[in-house]
Amino acid sequence: MASFGRFLLRRTLQGALVVLGVITVLFVLRHVTPGSPVDFIAPLDANQETRRAIAEARGLNEPIYVQYVDYVLSLVQGEFGFAYRSSTAVRPRVFSKLPATLELAGAATIVAVVLSIPLGVLSATRRHEGPDYAATLFSLLGISTPNFWLGVMLVILFGVQFRIFPTSARPVGLIDAAGHLVTVSGGVGFPLDVAGFSDAFATWLRYITLPALTLGTYFTALITRLTRSGMLDQLGRSYVQAARAKGLPETRVRYHHVLRNTLIPIITVVGLQLGTLVGGAVITEQVFNWPGLGSLIIDAINARDWPLIQGSLVVVATGFVVVNIVVDALYARLNPQVMD
Amino acid sequence: MSRETDRRTFLTLAGSVAGTAALAGCSDGGTEPNDSGDGGTSTDAEESLPEPETRDDYLQRANLLLNQDAPWIYLNRQYSVYGKSTDVEWEARRDERIDGDAIEPLGSKSTVTITQSGLGTGLDPHDHRETTTDNIVLQAYEGLLTRDREGRVTKQLASSYERIEPGVVEFGLRSGVSFHTGDSMTKEDVAFSINRMVQDDVGITSPQADQLPGVTGAEVVDGNSAVRVNSDGINPIVFASFATYCDIVNKSWITSNERAYINTNMNGTGPFMLDTYEQDVEVVFTSYDDYYGDAPAADSLVIKGAPESSTRVNQLLTGETDIAVNVPPQSVSEVRNSEDTEISAVPSTRVLYNGMMYDREPFDSVEFRQAMNHAVDMESIIENVLSSFGAAISQPTVEGFFGYNGDVDPYEYDVERAEQLVEESGYAGAEITLHTPVGRYLQDLEIAQAVVGFLDDLSNVSASVKQRDFGSLANDLVDGDITTGPDFYLIGWGNATFDASQTIIPTLTSDGSLTSYEDDRVDELVEQAQSMGSQN
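Line order of the protein sequences matches chains A and B. In this text, residue positions in the first sequence follow numbering that gives the first Met the number 0: the first is 0, and each later residue adds one. In this text, residue positions in the second sequence follow numbering that gives the first Met the number 0: the first is 0, and each later residue adds one.
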């Protein structure tokens, strides 16, 4: 047990170092990229005094090491600083985008899991038959279709042509929808506004469908392949033969024993992919104007709003590191050998 | 079509006049690049013309000289192209602004939605310098003066405006105006608003300070409901500036709130008041019941941001928005072909040009610069690259601005003449590289590539394009070190004052922050113009 605590501590320290590394790399990048943020804040015709005043007001005239130490110290205290352009605090801005990104990542994962596991199972159990080839073709298409193209096509088809789903935006969030279940005075009260909730939830669902499909497709393909090979691997094991010999029905063998064992590595991949999705939904968010971290990062990069860029990326990096530590910890609990 | 023909005929005439003038300059100044670094021939070119008299004359003369000296390759005036639902009535404005109270929803519709390219940076009317933020702020905040759709100066919160003495103007204030929180607008509020913009020690350091050029401060007038504004010098464009910037804020509301609060809330005098603000997502306004003027036609106004132009167009096509800003040329036919949507386009106040550093080879030769202008078929670029949403320009100032010279026409597309001028310049065989930003202006890279294509077609010039990050290009141009900048670049210039001086001074005079040109006579003409009062 003590060794697990030490393992966790070591992992956490390593994670902290990774985040510090990210912060440092970002900071260095910021100073080697050409173009001063002042050029994005001030108009082209701003005179030198205006420029100097803008730089001073944002601490851009300080020596680099002072800016670095200040930045790291304020991050440690949980302060992300202020965006250059709007003088609004970075932290609430970044965290206000997090729900949208997590919703999209979550929905995409659900889409992927719901589609891919049955496909993978089908493909493994009907190996070298029609369904297997169909599933393989589908996953190949999924992997090789670029996200932005699929997104644009879905919008044109289901948004503009058939008008089934809205083209873009996210008018309500899941938390807003859940707000209907909470009375105005706060706290859960009765009667619950179920109608209001289901209305809001339906709207949310309508808006998230296309982005979730877009983002989930690549992922679907990946998990289908993983499920297929995992199933095939398990099906060849001797316990399967034993179970069959024992007279267990084939469905029970497949779904109770084989699929279960296959799921363990899949869950790991899904967990890690969730971390990737948080930072990797940038293109999908752009195409669907989904107001998440990805859109914020693009916007901030275009404006060279470094506090905002740093703030968002530090959050993404931290999220990734935390997911990794959690996965590692789970593994360690299941298989203490990995602790060495 | 016949107009086109007329223009061509006229161009030929104008071209030959310009050619003669240039040749005169050539024989006087010599074909060798001159040592003084003065690339102009202006004094010679205007020899036969009388000395200007009015401010308008001076600016027109400067524009004439700048056409002949060709410090730029004159490209095009950018158009603002909007997609509009047939459910609303609205005419696009020249100054890239969208006035929500001028949008009239038809039928039972009461909410109007606008999707622009972004939601800007915040809500403080003095703490930004971008059109996207302008469009949000102006729904709730108003200035002393404003402009009509065509760009003429009209009164807003001012009831009168006049010059008292050189450098001092007085604004009388409209009565019965209240802020959205209920406070009445006072002269103290007005003076504070102006000072907050122009004085560093009042409130914030505003990036709009130089939008009221020359203005040093404001003070209340004892007794009357009026404010006096002081300027450094005579400041001929003071009213033009006030018609573009200077939103009036409530002094007590501003001073008692944090900067971040002011950036996420609004308290103006305008026809719409802020309902909800979700940063980067949407801004919702409702009409302000106690507005002193006519209530807006729409009860509520929603502004959304979508950086992808295809997203904006799709929203328009499906009726999710009523007005889509900046419809790209490739989407125009799609919007036109849909039954429920149409295009509304208007010339903007922005010009695109290729700056040529007057003191670098080969651009220190006026013949070479003129050759560059003759070499580019701008009409073809406008038709093919901009789907006809653009107009060729002949001078830094656009038509309709104070100081625009209507007698000057764009350079004629004439390859032979261009090649001949290159020979005369002594720079035959020159290799030039055009630096261009990508995605900053409508079709900027495409225009740059087309321009370079034409230049490269000349038998005695080879040209190439270099794509640049806008930030680093801008930094090179404005860092105050003339040796670091590129010598040939594409850039756009917007001028919302509708006055020639605010294009020429920053971009084409010796002291301009973004200048690529220096000519004593142009400097002198503009200086003269700026020392005179004017009526615009």
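Because the hints were derived from the structure by calculation, they are not lab data. The beta-carbon is built from N, C-alpha and C at its ideal position, and this holds for glycine as well. Don't take each hint at face value.
Said to hold, decoys possible - Which residues of chain A face chain B? A partial, calculated answer using Cβ under 10 angstroms:
{"no.": "1", "residue": "Arg84"}
{"no.": "2", "residue": "Gly105"}
{"no.": "3", "residue": "Lys245"}
{"no.": "4", "residue": "Glu249"}
Claimed, not checked - These stretches of chain B come out as covered by chain A in the derived footprint (C-beta under 8 angstroms, 3 or more residues):
{"no.": "5", "stretch": "120 to 127"}
{"no.": "6", "stretch": "148 to 159"}
{"no.": "7", "stretch": "256 to 268"}
{"no.": "8", "stretch": "361 to 368"}
A quick look at each hint next to the structure:
1. Arg84: At about 4 angstroms, which falls below the 10 angstroms cut-off, the nearest Cβ of chain B leaves the hint on arginine 84 (chain A) intact, so it holds.
2. Gly105: violated, 19 angstroms
3. Lys245: violated, 58 angstroms
4. Glu249: violated, 49 angstroms
5. 120 to 127: Three-residue rule met by the stretch 120 to 127 of chain B, so holds; n is 5.
6. 148 to 159: Coverage by chain A is violated for the stretch 148 to 159 of chain B (0 residues, Cβ < 8 angstroms).
7. 256 to 268: It holds, with 4 qualifying residues against the three required.
8. 361 to 368: Result for this restraint: violated, n = 0.
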